[in-house]
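Trainee: Oh and the sequence shown: position 304 is 304 in full-length UniProt numbering, straight run, nothing missing.
Please note: incorrect hints may appear among the correct ones.
Unchecked claim - Dumping the calculated SDA-like pairs for lysine to any residue here, alpha-carbon to alpha-carbon at most 25 Å:
| # | residue 1 | residue 2 |
| --- | --- | --- |
| 1 | Lys358 | Ser210 |
| 2 | Lys358 | Ser280 |
| 3 | Lys208 | Ser280 |
| 4 | Lys308 | Glu293 |
| 5 | Lys358 | Asp311 |
| 6 | Lys184 | Leu244 |
| 7 | Lys384 | Asp370 |
| 8 | Lys390 | Ala333 |
| 9 | Lys358 | Ile323 |
| 10 | Lys358 | Ser376 |
| 11 | Lys184 | Glu207 |
| 12 | Lys390 | Gly402 |
| 13 | Lys357 | Glu260 |
| 14 | Lys148 | Gly238 |
| 15 | Lys390 | Glu305 |
| 16 | Lys208 | Pro223 |
| 17 | Lys148 | Ser210 |
| 18 | Lys308 | Glu338 |
| 19 | Lys358 | Asn234 |
| 20 | Lys208 | Asn234 |
| 21 | Lys189 | Pro223 |
| 22 | Lys390 | Ala374 |
| 23 | Lys358 | Arg306 |
| 24 | Lys208 | Pro185 |
| 25 | Lys358 | Leu169 |
| 26 | Lys157 | Lys308 |
| 27 | Lys357 | Gly328 |
| 28 | Lys184 | Pro261 |
| 29 | Lys358 | Leu244 |
| 30 | Lys384 | Glu260 |
| 31 | Lys192 | Asn234 |
| 32 | Lys358 | Ala312 |
| 33 | Lys157 | Ala283 |
| 34 | Lys317 | Asp360 |
| 35 | Lys317 | Asn163 |
| 36 | Lys384 | Pro143 |
| 37 | Lys384 | Asp311 |
| 38 | Lys189 | Glu260 |
| 39 | Lys384 | Pro320 |
Hints listed in this document are in silico derivations from the structure and should not be mistaken for laboratory results.
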Amino acid sequence: MAVGSSLPGLYYLLCNHPQDRCSSYHRQRTSALHSPRDTPHTTTDRGKMTNNPIHRVVEEEDENDTITSPTNARFGASPNSASMFSGPFGGGFGGDSSAEAPSASRNVPNPDSYPAQYNFGRRTSVSAESLKPSADSYDNWSPPFHEKTPDQIERLKHAIEGNFLFSHLEDEQSAQILGALVEKPIPAKGIKVISQGDAGDYFYVVEKGSFDVYVNPSGSLQPGPDGMGNQVGNIQAGGSFGELALMYNAPRAATVISAEPGCTVWALDRVTFRRILMESTFARRRMYESFLEEVPLLSTLNPYERSKIADALETRKFAPGEIIINEGDPGHAFYLLESGEADAYIGQPDNKVRHYKKGDYFGELALLNDAPRAASIVAASTVKVGSLGKNAFQRLLGPVEGILRRTKYQGVATGVEEMDPLHIS
Numbered sequence: 001m002a003v004g005s006s007l008p009g010l011y012y013l014l015c016n017h018p019q020d021r022c023s024s025y026h027r028q029r030t031s032a033l034h035s036p037r038d039t040p041h042t043t044t045d046r047g048k049m050t051n052n053p054i055h056r057v058v059e060e061e062d063e064n065d066t067i068t069s070p071t072n073a074r075f076g077a078s079p080n081s082a083s084m085f086s087g088p089f090g091g092g093f094g095g096d097s098s099a100e101a102p103s104a105s106r107n108v109p110n111p112d113s114y115p116a117q118y119n120f121g122r123r124t125s126v127s128a129e130s131l132k133p134s135a136d137s138y139d140n141w142s143p144p145f146h147e148k149t150p151d152q153i154e155r156l157k158h159a160i161e162g163n164f165l166f167s168h169l170e171d172e173q174s175a176q177i178l179g180a181l182v183e184k185p186i187p188a189k190g191i192k193v194i195s196q197g198d199a200g201d202y203f204y205v206v207e208k209g210s211f212d213v214y215v216n217p218s219g220s221l222q223p224g225p226d227g228m229g230n231q232v233g234n235i236q237a238g239g240s241f242g243e244l245a246l247m248y249n250a251p252r253a254a255t256v257i258s259a260e261p262g263c264t265v266w267a268l269d270r271v272t273f274r275r276i277l278m279e280s281t282f283a284r285r286r287m288y289e290s291f292l293e294e295v296p297l298l299s300t301l302n303p304y305e306r307s308k309i310a311d312a313l314e315t316r317k318f319a320p321g322e323i324i325i326n327e328g329d330p331g332h333a334f335y336l337l338e339s340g341e342a343d344a345y346i347g348q349p350d351n352k353v354r355h356y357k358k359g360d361y362f363g364e365l366a367l368l369n370d371a372p373r374a375a376s377i378v379a380a381s382t383v384k385v386g387s388l389g390k391n392a393f394q395r396l397l398g399p400v401e402g403i404l405r406r407t408k409y410q411g412v413a414t415g416v417e418e419m420d421p422l423h424i425s
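All chains should be modelled from the sequences, with the hints used to inform the complete structure.
Mentor: In structure tokens form, the structure reads like this:
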């Protein structure tokens, strides 16, 4: 307790005075305590102050000066260091209860404790351009378009549809990307299309010919005949490579060269790819937001809430004659009609009660309860809808009842009787 009480004063001196003031600090305190004015229990022999408890405190501080002074060569080597700095999580700086002085080697990782393929090097940095939707600027950007034959379009479509970057694109996005691909002839054998270690900015689809893939263990292309490393693969017509360049500006992971003369590839750059996705996504969000403004159940949503709902809507497609909602089924989602037309039927297939077109909505009471559907909705043409389930809605905005309390919902237009949604059983 006595030693610990002196630490704040020492810390102040170490931070605000020259390094070797600790011993001077003790001498000043000792001389002051030797004054009869300050030590009422002091004897006339100042060398024998055995009855003064304050003097014993100072003696303990002097004895432990090697512990409390970081400028001393023996700092941290005292056998009492472990107990002095012990805490609720273990003794000493090392976190254990041993009296051994802390050592820097204690923090060195053991290589045997890591997997054999563990990489101790620095991580590779990646970057990408910052883009802004053209709706907020005045560049009036439009995607590039390069003419292609129907056969070429079909081959390119087949080549990219299995790629993870293109598997979830909308039809409009896919069409724009296919139109933006530009033809690149590779006339000779041995031409490097991409080099390992270089910054990547293009994605390639092989239309004709084949390409060999090499990887150098060093991580980059090296000079000399063996600088490309080992061949690890071959890409035939219909294949693709370099897709990571569409996401970020990362170094190429391999070298790809033409394996024969007369090859042809189609190329797509990263900025075009990202702008196509961004522009179409931004336009769809604006469209959904305008549709949501017309839904009475959601009329009190503020712009931020509408944008959250618009981003959460899941696009679904239905063929002509396909049932979107089946009468009597429990309701789990509501729908916004993005394109196409649909009809509502109650009871018999010939009892049509309503026709839906672009911008209309249906099934919104599913956000309130799981009551059976009051009508069947059937696609009259190829239909694209944006759907949102009750659980997803509540995760975003909470229970719908709280939103309804902003204003009263006035019923539905599909024949359901008027009701107070806040008191639906």
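Trainee: Indicate, hint by hint, whether the structure satisfies it.
Mentor: Going down the list of hints, with the structure as the test:
1. Lys358 <-> Ser210: violated, 46 Å
2. Lys358 <-> Ser280: holds, 18 Å
3. Lys208 <-> Ser280: Distance of about 31 Å is beyond 25 Å: violated.
4. Lys308 <-> Glu293: Roughly 13 Å separates the two Cα atoms, so the pair holds.
5. Lys358 <-> Asp311: Distance ~19 Å between Lys358 and Asp311 Cα, so the pair holds.
6. Lys184 <-> Leu244: holds, 19 Å
7. Lys384 <-> Asp370: Since the Cα atoms of Lys384 and Asp370 sit roughly 24 Å apart, the hinted pair holds (cutoff 25 Å).
8. Lys390 <-> Ala333: holds, 6 Å
9. Lys358 <-> Ile323: holds, 17 Å
10. Lys358 <-> Ser376: holds, 18 Å
11. Lys184 <-> Glu207: Since the Cα atoms of Lys184 and Glu207 sit roughly 10 Å apart, the hinted pair holds (cutoff 25 Å).
12. Lys390 <-> Gly402: holds, 14 Å
13. Lys357 <-> Glu260: Violated, at about 54 Å.
14. Lys148 <-> Gly238: Holds: Lys148 and Gly238 sit about 16 Å apart, inside 25 Å.
15. Lys390 <-> Glu305: Holds. Lys390 to Glu305 sits at ~15 Å (cutoff 25 Å).
16. Lys208 <-> Pro223: violated, 29 Å
17. Lys148 <-> Ser210: holds, 21 Å
18. Lys308 <-> Glu338: holds, 17 Å
19. Lys358 <-> Asn234: It is violated: about 48 Å lies between the C-alpha atoms, which goes past 25 Å.
20. Lys208 <-> Asn234: holds, 13 Å
21. Lys189 <-> Pro223: holds, 19 Å
22. Lys390 <-> Ala374: holds, 17 Å
23. Lys358 <-> Arg306: Given that 25 Å is the threshold and the Cα spacing comes to 18 Å, the pair holds.
24. Lys208 <-> Pro185: holds, 9 Å
25. Lys358 <-> Leu169: With Cα atoms ~21 Å apart, Lys358 and Leu169 stay inside 25 Å; holds.
26. Lys157 <-> Lys308: With a Cα-Cα distance of about 32 Å, the restraint between Lys157 and Lys308 is violated, given a limit of 25 Å.
27. Lys357 <-> Gly328: holds, 23 Å
28. Lys184 <-> Pro261: holds, 13 Å
29. Lys358 <-> Leu244: violated, 37 Å
30. Lys384 <-> Glu260: Judged against 25 Å, a Cα distance of about 45 Å means the pair is violated.
31. Lys192 <-> Asn234: Roughly 14 Å between the alpha carbons, so the hint for Lys192 and Asn234 holds.
32. Lys358 <-> Ala312: Since the Cα atoms of Lys358 and Ala312 sit roughly 19 Å apart, the hinted pair holds (cutoff 25 Å).
33. Lys157 <-> Ala283: holds, 24 Å
34. Lys317 <-> Asp360: Holds. Lys317 to Asp360 sits at ~15 Å (cutoff 25 Å).
35. Lys317 <-> Asn163: Holds, because 21 Å separates the two Cα atoms, which is no more than 25 Å.
36. Lys384 <-> Pro143: holds, 23 Å
37. Lys384 <-> Asp311: Satisfied, since the Cα-Cα distance of roughly 16 Å is no more than 25 Å.
38. Lys189 <-> Glu260: Distance of about 5 Å is within 25 Å: holds.
39. Lys384 <-> Pro320: holds, 11 Å
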